[in-house]
Amino acid sequence: MTMLFPSDLEEACEMLAASDGKAVPLAGGTDLLVHWPQRFEDHGRTFLDLSQLAELRAIRWSDSALILGGGVTYWQTLGDRAVCDAFPLLEKAGRQVGAVQIQARGTWAGNIVNASPAADGVPVLMAYDAVVELVSTQGEEEIPLSEFYLGYKQMRRRPNQLVRAVRLPRRRHDVEVFEKIGPRRAQAITKLGFAATHSAAGWRVVANSMAPTVCRCRTLEGMLEHGSPIRRPEDLMPAIRQDVSPIDDIRSTAQYRQKVFSRTLFHALFSDEK
Amino acid sequence: MTKPEHRDIGFTLNGEEIRFSGTGTERLLDVLRYRLGLPGTKEGCGEGECGACTVHLDGVPVNSCLILVGQVRNRRVDTVESVAPEALVELHTSGATQCGACTPGVVMTARFVIDHPGLLERASVRQLMAGNLCRCTGYDGIIEGIAEALRQEETSP
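Protein sequence lines, in the order shown, are assigned to chains A and B.
Start counting the first sequence at 59; every next residue gets the next number (my numbering).
Start counting the second sequence at -16; every next residue gets the next number (my numbering).
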């Protein structure tokens, strides 16, 4: 059991390459270190500590985008008024990831590469058309977040790549919605959730805990785009059945997830009683 | 398996420079309790939910069960042992503590909220305290104690 302490991102990439992609990048540890003493299978692994790399902690703006460094925590974005004003769903979702203690350590990029279908940070990033910037000793690569996942816990990040940044295009949105349904209001793992946005780029509807990966719901997006008549939550069900494939598990049932998705989405987008 | 590499790990603990040799892969919680003799920080769930192990890292509450000690090198860690007893009067009188298992963690998050009242512009005390579970008090005593401490801070010059 060993820890590697790179002094900058370049050295981190070299250490990762030297380990043949076997070292485990570790930032906030809010997923990787849960029940650490009992994780015997992980005790022999090498961890690459990214938590102290200043260049990953930067929040930057370009003319066209917000650039969150790969080590930016939820707490950092919650404390940044410009970020919360321009991308209100980052605040809405960020406040619902654990509580302060988790928000202070957990990172947006870590939420992406942990690749949980229940990730709460990923839906809002995907609804804002985030692009994942990867880096390795081989060079750089950019992948739209909506094309990042290949299957349950499968993604296009290669083992020798680190997330350098997550880039969100600056757009004017006239709809921004995030809903998380869990067993209680605080500190819950999501039964189902979604983020929806509308801008000149069109509709984005992104669901979590509804499929093997967090995913865009293209049929729903198409319905909204074409202004199909939607008078009741049930009108959304055929599209929901096409877009997602929820399962029965310890947290909920497929039927509950579909039904509550249709109702909360309808309520968020069409209901007059807000 | 390669031999674990020991190295010098240094950080500031409750205002004092600490230095010891280790792989860096022990949990901060275990190092505090079993190597440095500070048992005030408790372990509850070990998964970052209950908050009993809350300490401040560079002034912000974190779960010490989810941090490997190598990750705090050259940084500032403050534990419940650093809190002056008189800073706890309001929590004591409001009935914020019963069995005491959650109390060290509650105290650390409570001090953070009391010391940063600006946070209350965007979040409630209850939301900010959501990372500290208490099975005895029903939370009202905790919330009231923090509210009272905030009132005291406001009226004191």
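No lab work stands behind these hints, which were simulated from the structure alone.
As the structure is a computational prediction, the values presented were derived from the model and not from experiment.
It cannot be assumed that every hint is accurate.
[Unchecked claim] Estimated spans, in silico, between C-beta atoms of each pair: (1) E64/B / S65/A: 47 to 55 angstroms; (2) N57/B / Q96/A: 24 to 32 angstroms; (3) T311/A / R59/B: 19 to 27 angstroms; (4) S107/B / S65/A: 39 to 47 angstroms; (5) A130/B / R97/A: 33 to 41 angstroms; (6) C28/B / G197/A: 35 to 43 angstroms; (7) N57/B / S329/A: 34 to 42 angstroms.
[What the hints assert, rightly or not] Derived lysine to aspartate or glutamate pairs resembling DMTMM-like cross-links, with alpha carbons at most 25 angstroms apart: (8) K80/A / E(-12)/B; (9) K211/A / E200/A; (10) K211/A / E30/B; (11) K150/A / E(-12)/B; (12) K317/A / E200/A.
[Stated by the list, open to error] To list a few chain A residues with every Cβ distance to chain B over 12 angstroms, as calculated: (13) H101; (14) D107; (15) G209.
All residues carry an ideal CB built from backbone N, CA and C; glycine is no exception.
We went through each hint and held it up to the structure:
Separation of E64/B from S65/A is about 32 angstroms and departs from the stated range, judged on CB atoms against 47 to 55 angstroms. For the pair N57/B and Q96/A, the beta carbons lie near 29 angstroms from each other, so the given range of 24 to 32 angstroms is met. The hinted window of 19 to 27 angstroms between T311/A and R59/B is violated, with their beta carbons roughly 46 angstroms apart. Remark: the range hint 39 to 47 angstroms for S107/B to S65/A is upheld by a beta-carbon distance near 40 angstroms.
Between A130/B and R97/A the CB atoms are about 40 angstroms apart, so this pair conforms to the stated range of 33 to 41 angstroms. Between C28/B and G197/A the beta carbon distance is about 42 angstroms. The supplied range of 35 to 43 angstroms therefore holds. About 52 angstroms separates the C-beta atoms of N57/B and S329/A, a value inconsistent with the hinted range of 34 to 42 angstroms. A hinted pair counts as satisfied when its Cα atoms are at most 25 angstroms apart, and K80/A with E(-12)/B qualifies at roughly 17 angstroms.
Taking the CA atoms of K211/A and E200/A, the gap is about 19 angstroms. The hint holds against a cut of 25 angstroms. For the hint linking K211/A to E30/B, the alpha-carbon distance of about 20 angstroms falls within 25 angstroms, and the restraint holds. Proposed proximity of K150/A and E(-12)/B is contradicted: the alpha carbons are some 42 angstroms apart, above 25 angstroms. At roughly 36 angstroms between alpha-carbon atoms, K317/A and E200/A are farther apart than 25 angstroms, so this suggested pair is violated.
Under the 12 angstroms C-beta cut-off, the non-interface status given to H101/A relative to chain B is violated; the minimum distance is some 8 angstroms. Some Cβ of chain B comes within 12 angstroms of the Cβ of D107/A; the nearest lies about 6 angstroms off, and the non-interface call is violated. Residue-level check passed: G209/A sits 26 angstroms from the nearest beta carbon of chain B, beyond 12 angstroms.
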